[in-house]
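**Q** Given the coordinates of chain A, work out where chains B, C and D should sit on it, guided by the hints.
There are 4 protein chains.
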Amino acid sequence: MSFDLVADSYGKSAIRLLRVTRSGQQHDVKDISVDIQFEGDFDAVHTKGDNSKVLPTDTMKNTVYVFAAQHAIEEIEDFGARLVAHFLTNNEQVTAVKVRISEHRWSRISAEGKPHPTAFLASSGERRIATLIGTREQTTVSAGIDGLLILRTAGSAFDGYIKDAYTTLPETRDRIFATTLKADWDYHGEQPSFGLCWRTVREALLETFANHPSESVQHTLHAMAEAALESCAQLGEIRLSMPNKHHLIFNLSRFGMENQNEVFIPTDEPYGLIQATLRRT
Amino acid sequence: MSFDLVADSYGKSAIRLLRVTRSGQQHDVKDISVDIQFEGDFDAVHTKGDNSKVLPTDTMKNTVYVFAAQHAIEEIEDFGARLVAHFLTNNEQVTAVKVRISEHRWSRISAEGKPHPTAFLASSGERRIATLIGTREQTTVSAGIDGLLILRTAGSAFDGYIKDAYTTLPETRDRIFATTLKADWDYHGEQPSFGLCWRTVREALLETFANHPSESVQHTLHAMAEAALESCAQLGEIRLSMPNKHHLIFNLSRFGMENQNEVFIPTDEPYGLIQATLRRT
Amino acid sequence: MSFDLVADSYGKSAIRLLRVTRSGQQHDVKDISVDIQFEGDFDAVHTKGDNSKVLPTDTMKNTVYVFAAQHAIEEIEDFGARLVAHFLTNNEQVTAVKVRISEHRWSRISAEGKPHPTAFLASSGERRIATLIGTREQTTVSAGIDGLLILRTAGSAFDGYIKDAYTTLPETRDRIFATTLKADWDYHGEQPSFGLCWRTVREALLETFANHPSESVQHTLHAMAEAALESCAQLGEIRLSMPNKHHLIFNLSRFGMENQNEVFIPTDEPYGLIQATLRRT
Amino acid sequence: MSFDLVADSYGKSAIRLLRVTRSGQQHDVKDISVDIQFEGDFDAVHTKGDNSKVLPTDTMKNTVYVFAAQHAIEEIEDFGARLVAHFLTNNEQVTAVKVRISEHRWSRISAEGKPHPTAFLASSGERRIATLIGTREQTTVSAGIDGLLILRTAGSAFDGYIKDAYTTLPETRDRIFATTLKADWDYHGEQPSFGLCWRTVREALLETFANHPSESVQHTLHAMAEAALESCAQLGEIRLSMPNKHHLIFNLSRFGMENQNEVFIPTDEPYGLIQATLRRT
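Protein chains in written order, with this note's numbering: chain A, 655 to 935; chain B, 655 to 935; chain C, 655 to 935; chain D, 655 to 935.
Excised from the complex, chain A in its bound form:
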């Protein structure tokens, strides 16, 4: 019997880092988690236990903290690019470096009506994410949003679908539409404006979610993806993933009452899962 090692990678995940930047009395915080993966000439590590070409994942971790000390972290895409370049330059055995960064955003605590200079409140579970993949030829950058929990109470329908022997779902022109949005997109062209573009795309996604006359999750997801691509010319492709977090209408008829779409049971399981990719042509 013989076997081929057809793919392999290794690295460090969940390198958590808080960077404080001080401008006089005003402090800023950047709270990130970094994942790094290497691909390259690592066959002998696997087959012979020869570690001579292995940069330990512990060293990857140290490098992240040292780089964060050397430069304030502005946009996570830029910080990621600096790491990718460093690892490629200093490790000729490596053919590809993948760096993924997830940013947990903090707001300022409001004190005496003003944003406090040095005290912060965690924002929601939403994360800003970025993924950089660097090879000897090029580095690609994608960015996005993860864990953005949103809900609308109007303008969402679902009817006109197939009925078969196992159908029990009633058609509706008015239902709760809730999801935990995950979006990620690829940048194309030179020097994207990472921060501006991220905020613009996020706003486009939220406004379309809020306003689109929805015939289904797919229908609104598609409109959201279009709005995102329209909002920022630097996006080449966007991928959206939207679980349908079902809110079941509580059956009041058993108690001689009618549920006027007012009382719902939020559920976690099972959930619908709708995904699509749109690309600029």
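Every clue listed holds true.
The list cannot tell twin chains apart, which means a pair is met if one copy fits it or any two copies do.
Pairs of lysine-lysine, DSSO-like flavour, derived with a Cα cap of 30 Å:
| id | residue 1 | residue 2 |
| --- | --- | --- |
| 1 | K768 | K836 |
| 2 | K836 | K702 |
| 3 | K752 | K684 |
| 4 | K899 | K817 |
| 5 | K836 | K684 |
| 6 | K707 | K836 |
| 7 | K702 | K899 |
| 8 | K899 | K707 |
| 9 | K768 | K899 |
In short, the hints are calculated from the structure, not lab data.
**A** Then chains B, C and D, alone, in the frame of chain A:
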């Protein structure tokens, strides 16, 4: 051998409910999770398998949804009180009813610069909580905050402590102070203003956390509790629980650099845990 | 306005530790998480920011690891008692020390039909727990089980209960009974046999869960508590907490079929919660 | 501007199901969670809000329960194949159906020294998984293991690696090696023996993990993959993912002691992550 049944209770937990209230084009949502526990004359259930005095937990659950349909939910304390009264009135075998409500708050999505009337964004992991305990004599109300993740980057010290053979922690006049605050307080007096008081106490806790010159978590916790009691005369007692979410300073000296309190490793485990109760005298 | 500090405590939680003990080629592992809390003369810490009586939680943590190095950990109750004694002896400002230990058990991997001497497989989510509370007068020991997920498919009924306007639950003589058991008990008398007693009580709880003709969760919980107290004379009191993890029968009648108690929907929310305390008289 | 819908899919996730099968006094349980995804001719759903070709995810869910009622679930691969075939046959607009099943295994409670016929104890967090992807041309089957937490205390080294300016990790010939194994493999050939093969591969993975003289996670992962492919001829390819769950040696030298590889700090973050794919040639 003989044994006494010295305590027992039963009920339904995690009854999740979304209530939509419509005022013309404007919708509001209330997203809560309800826990109910009964105490009473239930010895025969335990010892004889006699269920004749058992109100099933499934019925408790139905009751919650029916009550939510009958009345819009304004303050969770009022909704809880209605449930407590109902169960006591209709179940003479019951001596005490405990209702705990946890509210997950939603903000409005901002669209075209305005808060959207029917689309919402989950706020942070913070919850507003209320606990009502009703007996034949009285109903007590406590309320609070759970899961409020906060962090400050200035004005926090920890030194002057005991050193023994196992001490390695360096003293500091400048450290990150981060916690996930849990606060709950008892109301006394007639007709507390639940909503107003909750917002006032929350603001007092946050401002004190932000501004207090901190010699330790205990020191600031105590100041926060005092500020809370001062902010609302209807509070009789407050209990605070503050895990110390350590942010370790990354050791840069190994790389010939100095960490000027800029680069930290956020950690989840282990964590300090500081708790105290203050009572108005 | 004046306020009293009516209670306060502090300490370190989630101190994780793996202890390896080697007997020739045979290794054993003890995988625990330790929580420590101190009560005592700490008013000045809170009110004046005076840390002179504070043993830092970081030092508590170091002490745990040093003690684990000095002695192999046999029973977690003994390890906890050693910590309690140390902290009381060396900290006169302390009036009470609470140590809670949670043990994650590992089984040996089976290789060539034999238990491997140095390789292990995590057991289920079940934990063995112990809590010691030491004061200047005495140390009390409680122990228990947490997270023991069990299920039975026969001999479980629920009927004969109260029906009111909100009842929809059908009575049944045959349902799934599933729970995640939490049990903890107090030892009384001199020198309890911690390991033996823990195993005996666990076996009594499991066998009674499996065999008891159940009229309700309460009914079986009570029988389990009795069996536990009977199984080990060193138990003075036992507390059981049993969430009722509902398995809903899937309604097949809509498809012209009958569900012969074969197809169920496991659910996490909402859940019943049944609790009781039995004491030896 | 114009955009292409380059990929899309939808379905229901986390359909939880407990199937009880009775053979006289002996009961068996199958506890699974099913995810379904469809691809096909769904452009009009996205672009026009036309649901006429949409089989609702609620119907997918009902179908799973009905099929479970019609047939006892033996191997999850067979149950998945039945679902795939049904959905392809009855939905001509669908080009691909993906069914993923995750099985939570239960052991029998031991009572009076024998396995109890109707009472069960949850096994560890380990899951048996299967993924079926069916198109009009073929159905592929992969299977595997997820969440298998394992640890070894001997025979694991890591040295001889690259040192650079950011290296601080000491070399070692003796460390703790712990991981949560995820493995999945593709079957090739006709009529694989799903149950037998799963057990054989699992045993090969565990034994190799336990016995392999390890120079790195990569080195042992590769040996485990080889052993798996050797153990069952019906495997065409295997993919392993092994987080390196670091156990840090506690530094006792600060206390005048030496840590003889006995006291470790288990950590969750950061973690190494090692992945590879081996294919039979």
